[in-house]
Structures are given as structure tokens and as C-alpha cells.
Amino acid sequence: MSPAPAQITLGQWDERYAALRAEGLREPSYGGPLSRHLADGDRRLSCLRFDNSPAALRLWNFLLSEEDRLFAARREGKTIIGTMKDLGTVPIMAYALEDTVAFYPDGAWWQPCVMELSDGLLARADAMGIDESFCPVRAMLGAFETGEHFPAPDLLTCSVGATCDDFSAIAQRLSATGFPILWWEIPPRRPCDPGEAAIRLPGGRRVSRSQVAFVTGQMQHLAWAIGQTCGKRLRRRHLAQSIHQANRVRGLLGELREEAYRAAAAPLGAMEMLVAEMLAIHYCSDRDETVAVLEDLLAEVRRRVAAGTGVLEAAAARVYWVNPVADLRAMNLLEECGGRVCGTDYMFGHALARIPTNVPPLEALARMALADPMVGPAGQRAEDICADMAAAGAEAAVISRIPGASHCATEGAVIAEEIRGRLALPVVEIEVPPVIDAVMASLKTRLSALVERVKERRER
Amino acid sequence: MKTVAYSCPFVPPEWIAAHGLRPRLLVPASLGTGAESGPTAGLCAFARAAAQAAVEDGAIDAYVATSLCDQRRRATELAARHSKKPVFMLHVPAACRAPGAEAMYIAELQRLGRFLVRLGGKEPSRDELILAMRRYSVARASLAATSATIPARQAAEAYWNLCENGPAGDAPPWLWAVQREGKPKPPGVPILLLGGPLTREGLVVLDCIEQAGGCVVVNATENGPATAAAPLPPVHTKASGAQFLMRTYYRHIPHPFSRPNDWLYEWLAATLTKCHARGILFIRHVWCDLWHAELARLKACSPVPVVDLDLAAGDDTAARVGGRVQALMEMLA
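These protein sequences, in sequence, are chains A and B.
For the first sequence, the working numbering assigns the number 1 to the initial residue and increments by one for each residue that follows.
For the second sequence, the working numbering assigns the number 1001 to the initial residue and increments by one for each residue that follows.
Hints listed in this document are in silico derivations from the structure and should not be mistaken for laboratory results.
A portion of the hints provided could be inaccurate.
[To be verified] Pair by pair, the computed Cβ-Cβ distance ranges are: (1) B:Pro1305 x A:Asp437: 34 to 42 Å; (2) B:Arg1118 x A:Arg302: 51 to 59 Å; (3) A:Arg209 x B:Asp1262: 27 to 35 Å; (4) B:Ile1106 x A:Arg233: 53 to 61 Å; (5) B:Arg1097 x A:Ala213: 25 to 33 Å; (6) A:Gly254 x B:Asp1262: 40 to 48 Å; (7) B:Lys1084 x A:Ser118: 52 to 60 Å; (8) B:Asp1316 x A:Ser46: 45 to 53 Å; (9) A:Arg262 x B:Arg1118: 40 to 48 Å; (10) A:Pro194 x B:Arg1134: 28 to 36 Å.
[Unchecked claim] Straight-line distance between alpha carbons at most 20 Å, and here's what the computed EDC-like set of lysine to aspartate or glutamate pairs gives: (11) B:Lys1122 x A:Asp193; (12) A:Lys78 x A:Glu289; (13) A:Lys444 x A:Glu429; (14) B:Lys1299 x B:Glu1266; (15) B:Lys1084 x B:Asp1057; (16) B:Lys1085 x A:Asp193; (17) B:Lys1299 x A:Asp131; (18) B:Lys1002 x B:Glu1164; (19) B:Lys1299 x A:Asp126; (20) B:Lys1299 x B:Glu1330; (21) B:Lys1084 x A:Glu417; (22) B:Lys1122 x B:Asp1061; (23) B:Lys1084 x A:Asp193; (24) B:Lys1299 x B:Asp1310; (25) B:Lys1185 x B:Glu1157; (26) A:Lys455 x A:Glu336; (27) B:Lys1002 x B:Glu1056; (28) B:Lys1238 x B:Glu1102.
Idealized CB from N, CA, C, for every residue including glycine.
Just need the whole structure built from these sequences, with the hints factored in.
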């Protein structure tokens, strides 16, 4: 008989894993006990509490084996495209071609957390003049220099324009150290001027036709460059098929979010949901397997919802979470304080929305890129967050600042003002460094206070 | 006549002037005390001060901001949230070699033109625009020649004066005043000033250099005279006025925001050769990632010593600057 849904430690997972194996658990090639990643240096795992389902085991193993997958792809002679900053757009082009793998070097921002700073990546960035006043994504610089976390890509792309200064500056530093970058422009999304023709974006925002045409031109250039790198032509039908598969991932994730965030008792913890959401942007370097991982998770969540069970008590405060965290431990912490995540804006809402299929593929991708919440005004993002919070029945919001990130200096104030003004709900703004141990007490106090306010409001 | 303020070097004042409106370069008095209401942590004090001044100054009718950096874009949005003052966001493409980047800058200028017309301006003919450009170009050239002979503070103020009051003809009275009343430039160790924009209070940097025995031969701060638009080339071709603006502004002004930003370093190498500077004082505002990230590369490739000076709201500017300038001069002694 399966144990009740629960969050368990790494040690407890070892016992659970042995039991599952004894029961005949079948795993993909990257499977195995989670504790083996600890032996590889992923020290943070020993501080986290994981979901106890086989679906979660598969998710974690999939996430933590991405480096192996990338190096294997290199050995197999596949073309590797490093796509930076756009969060979900360029990989769809890369995966349209066979034997091509795309990944986000940006993902290295979690390395200092996962390895509890033992990787030395931030120290390397420091030595390159990119100190702690920059976003933790600076770890990417060290990762490129050491070559230990991913192979050097055959093509490196980066979106700039309406992007955060940190990333743009760090990528420029990378370029100056000898990693050529294909830069492409994403302009800030703006309302139409009087008389300008408008186009509707995924998510519902309207933007001028001229902006869509410009970004479509950027997509054409990227498609050409990817084709050149792979020695193949990226045809329209390849792209259409790739968009179809991307929509399959997005559809699964949409269902997963709907089931998990709307359920009375959270069927899956916030940390696993964060990792699952991240799959939509980069597929962990294997899109087919991403589908399988998400299908497993969705099936598990549906089973739990049908049984009325979950990993947290139903009375947990329903909290909406804004921005991804540099330390995954923060998500556990909210739950320890009596909260649960009931909705999120992890800065890549455009990677969750369905890509239009009734327009030419490159234009569809351009529309998606322009729908990025980070390329528009913070006020628009705040409006979207409020609408999402209302639909999710959120009782409070956590705005999680990323240390040093340029957008975090002002957007928190705008988002908090909108939430308080439109929904009259409590908001707390916290900063989550790559390892939160030093600020754990203050974070716990603030998150607990937020949960207490929610419970007080319920009693009133 | 309505006044349209701007604070970014990629906004051409002659474009505003040609529309029959008064352009005004916005130079904040200071970076503030650091105790202002609203968000300050992580926010570039210059971006904040400029956006705040644009919105609060009753003498300004509209503000043209740019997306040159995320700090500017977001600080402007924050400051303008509860203001009815018209604000125009001009996008200056960062990926300067991407297809369509130059065309987009031109399209953005044309969009700005339509905004200026809605504000009460009049669309200029090509000849009117070229005339305005020529006046500014001549005035900048006159000022550049004069700047070589007067103290750095006076040269900076004269440049700001030009950007605030316009050229007013080929031989403007303000330039005569500078030439007539200007003190001679003090001799000293030649220094190149590079980096983010200065406030009026920040001009103390220039005084400190001269007091310490230096001589500012090039002021290439973001709102300094050395990073102004290129001189207007011959206009015999059929190129539109906006195309000339693209060539003299977008293609010419050295700035770290471009991707890639090699042009900044090419320009710097050429300028160092020409001006014989023996040291670089590098100015950046705390939380300005674009300039900050260049420091290590600059130090690695500069043939002359580089000293870093970071400025923040609430600083005792004179004391901090004095110490850093002294450090630079000692390195060069």
C-alpha cells in the first residue's frame, strides 16, 4: 500500500526508494536514489523536504541530471544551443531540428544554492569584476569559465533591450572574455499609439503591429543562425511541429497548475511545482522526457485530489508567490510557516501561455516573446498578478526579491501597491539570497507574520 | 512654448527644437539624501533623481525617457505612475548589430515626432530639421574648441547650457560669455573622465581633479561634452533628417549599453591616443550595472591607470571624491 502524501527528508527518501525498488519501481535511465546527487556535491538537498511520490522522484532526478545529459549530447555529436535570457522562446526553434539540444546557461544561478556555494562560481564571478551587487545569475560566468556544468555551446544567443541590466551586463562580460554571442533585440512592450494597428498577444495584451513585425525579424535572424549552426535549414513545418510540441508541454503544465493550485489541500509542495514550472522554459535539455515527467506528476496530483489528500493541511494560508527564488529552501519555509502556494508569477508567464498556431510560426514566437511579463511595464505585470490572485482565491502575496536584480528595485513597490489597492490583501516583500541560512530567522518571522494576518482575516 | 525634458544622450534636442518645442537637458541638482520616500535600495540614484525631477518640475511640460537601461525604464515608470504629465519612452535598441536596429531607432524618433506634434509641436520639413541640426552641430564644435581652454566645470556647464537653452544661432551669446569671462584652463596631469552622468553637485569631481594638480582633457561622462552627437556630415545625399540623427547619435555616441559594446573601447582607445591622458577617473552610480560591469575590462585593457569612483545618494561627495582623486594623482606622480 502506498504511504500517504507527505514531504520527507533526503534520508527518508533513501528508505522510501529502497521500498519502491522492492515493489518493482521502473525508472528512466537517469533514475536512482536522490542521495546520490548529494555525493556529487549537491549539498542543499540535505536541507530540503521533498514530495514522497515516485513522480516527484522522477522530477528531481530529471532536474539534477541535466548536466550529464548535456555532456552526453556533446559526446553524441549533437548541436548544442545556449539560449540566454528570453526564457522559453529560442529553445522552440532549436528543438525544431533533429539532433539539436537547447539549454539555458542562466540556469547556473541555482548552482550556488544547490551546492551551497561549494562550487565557487560566485567567487569566480567576483574575480571577473561581477560582485554581489549583481543578480546571482552571475554564477553563469564561473560556469562558462570552468566548463564543468555544461559544455561550451555551438551557438550562444541572448536577448537584450527590455531586459534586466544585470543579465545584459553579465552577458556582455561573458562576450568580452571570448564567448561570442548572437544578440537579438526585444523592445519594451508599449501600448499602441493613436492610429497604430494592434495585435493581440498570448495572455491578452495588445501591442502595435510594428513591434510584432520587428521581433518577427529578430526571430528570422535567429532561425537562420540556428540553421547555419546545425547545417540544416529551419523550415516552417519544423517550427510548426515544434510549436505544437511546446504547446503540449504548456497544456500539461497548465493542467498541473490548475489542479495543484486550486485544490483545497495542496497535493504537491511549492518546491516541486516551481521545478515543474521551470521545465516549460528549458525542458531540462530533453523535451520528450519533460512531457513524460509532467504526465506522471499530473497523474499523481489528480489521484491525490480525487482522494482528497495533500502534503499540507487544507487550512494553510493561500499565498501567491512573485518571482523565482535563488534558494529552493525558501519554498519549504513558507510551508513550514503555515502557508501554501496557490499561484505564481515566476517571471515567465509567456512560457506557460499557449502559442498561437493560426499565424506563421516565427510571428507566433515573436508574439510570445513580446508577451513576456518582464518586457512590459511593472504596472501591467501587477494587473495580471491581481487578476490571477483573484481567480486563485489567494489570501496574501509574497514578493520575492532577487538580490541585486535591477527590476526588483522598483517593481515590488508597484506590484504591492496594486495588490493592496485592488484586492486589499496583505503583501510581504522579502529578499532571498542563494543560501538563506543566514537570514532564515528573519524570513521565518516575516512569512509567519503574513500567515498569521491571513488567519486573523479569516476569523474576522 | 512647451518645454520637453530629457536626460539621455540618445535623445536629440534638435529633433525636439525642430518641432517648435523647447528641449531641456535634465541635470538633477544632486543624487538626493538617500532618505527619500519610496524605493531606494537597489535603485540607481541618478535614474531616480532624473525621473523624479521630470515629473515634479512644474516648468517641464513633458518628459522623454529612454530604455537605455532597465533602471531608467523602471524608475520612470515608478515616478510617472501617479502623474498626469506626458511621458514618452523612446526605445534605443541595445543589439546594435541586429537586423533592423538602426531602422528601429529611426522609427522611434518618428514616433517621438508624432508625440511632439500631439503635444502642440509642428512636424518639421527636412530643411527645417537640417537647419536645427546644423545650428546644434556648429554650437557643439565651437564649444569643443573653447572647452580646451577653460576649466572643466565651466566647460561642462556651458555644454549643459547649450542643451538647456539651445544654440540660438551660429554664434550664441552664452558662448561669447564663456570665451570672454572664462578663466584659463589650469595646467596639470591630463585626465580622462569616463562613466555615468554627473549631477550639478557632482561637478565637484572636476574641481577636485584640478585642485589636485590634474587637468580634465576629456569629459566623457554620459552627459559630458565629449560624448555628444557627432558633427553633422555633409547633407548632399537624399537621406532623411532622421537618418542623419541616427548616424550622429545612435551610431556615434560611445556607451556601454550597446551589445556588443566594442565601439566604446574603440572610441576610448582613439581618444586616449589623441588626448594623451595619463589616467582615467571612472565614475559610476551605485547599482548601475552597465557601467559597473565594464570596470574590470576597462582596467584590463587601459594603457593608463584607472581609478573607480562610485557615487550614491547621501554621500559626502566632496570628501569621497577628494580621496579617490588624490589616489589617482598619487598613482600618476
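Going down the list of hints, with the structure as the test:
1. B:Pro1305 x A:Asp437: 34 to 42 Å: 40 Å, holds
2. B:Arg1118 x A:Arg302: 51 to 59 Å: 54 Å, holds
3. A:Arg209 x B:Asp1262: 27 to 35 Å: 33 Å, holds
4. B:Ile1106 x A:Arg233: 53 to 61 Å: Hint violated: Cβ distance 31 Å, outside 53 to 61 Å.
5. B:Arg1097 x A:Ala213: 25 to 33 Å: At roughly 19 Å between Cβ atoms, alanine 213 (chain A) and arginine 1097 (chain B) fall outside 25 to 33 Å, so the hint is violated.
6. A:Gly254 x B:Asp1262: 40 to 48 Å: 43 Å, holds
7. B:Lys1084 x A:Ser118: 52 to 60 Å: 54 Å, holds
8. B:Asp1316 x A:Ser46: 45 to 53 Å: Holds, at about 47 Å.
9. A:Arg262 x B:Arg1118: 40 to 48 Å: 45 Å, holds
10. A:Pro194 x B:Arg1134: 28 to 36 Å: 32 Å, holds
11. B:Lys1122 x A:Asp193: 18 Å, holds
12. A:Lys78 x A:Glu289: 17 Å, holds
13. A:Lys444 x A:Glu429: Between lysine 444 (chain A) and glutamate 429 (chain A) the Cα gap is close to 13 Å, so the pair holds against 20 Å.
14. B:Lys1299 x B:Glu1266: 15 Å, holds
15. B:Lys1084 x B:Asp1057: 13 Å, holds
16. B:Lys1085 x A:Asp193: 16 Å, holds
17. B:Lys1299 x A:Asp131: Roughly 16 Å separates the two Cα atoms, so the pair holds.
18. B:Lys1002 x B:Glu1164: 13 Å, holds
19. B:Lys1299 x A:Asp126: 15 Å, holds
20. B:Lys1299 x B:Glu1330: The hint holds at about 17 Å.
21. B:Lys1084 x A:Glu417: Holds: lysine 1084 (chain B) and glutamate 417 (chain A) sit about 18 Å apart, inside 20 Å.
22. B:Lys1122 x B:Asp1061: With a Cα-Cα distance of about 16 Å, the restraint between lysine 1122 (chain B) and aspartate 1061 (chain B) holds, given a limit of 20 Å.
23. B:Lys1084 x A:Asp193: Between lysine 1084 (chain B) and aspartate 193 (chain A) the Cα gap is close to 17 Å, so the pair holds against 20 Å.
24. B:Lys1299 x B:Asp1310: This hinted pair holds, its Cα atoms lying about 15 Å apart.
25. B:Lys1185 x B:Glu1157: 14 Å, holds
26. A:Lys455 x A:Glu336: 15 Å, holds
27. B:Lys1002 x B:Glu1056: Holds, at about 16 Å.
28. B:Lys1238 x B:Glu1102: Roughly 17 Å separates the two Cα atoms, so the pair holds.
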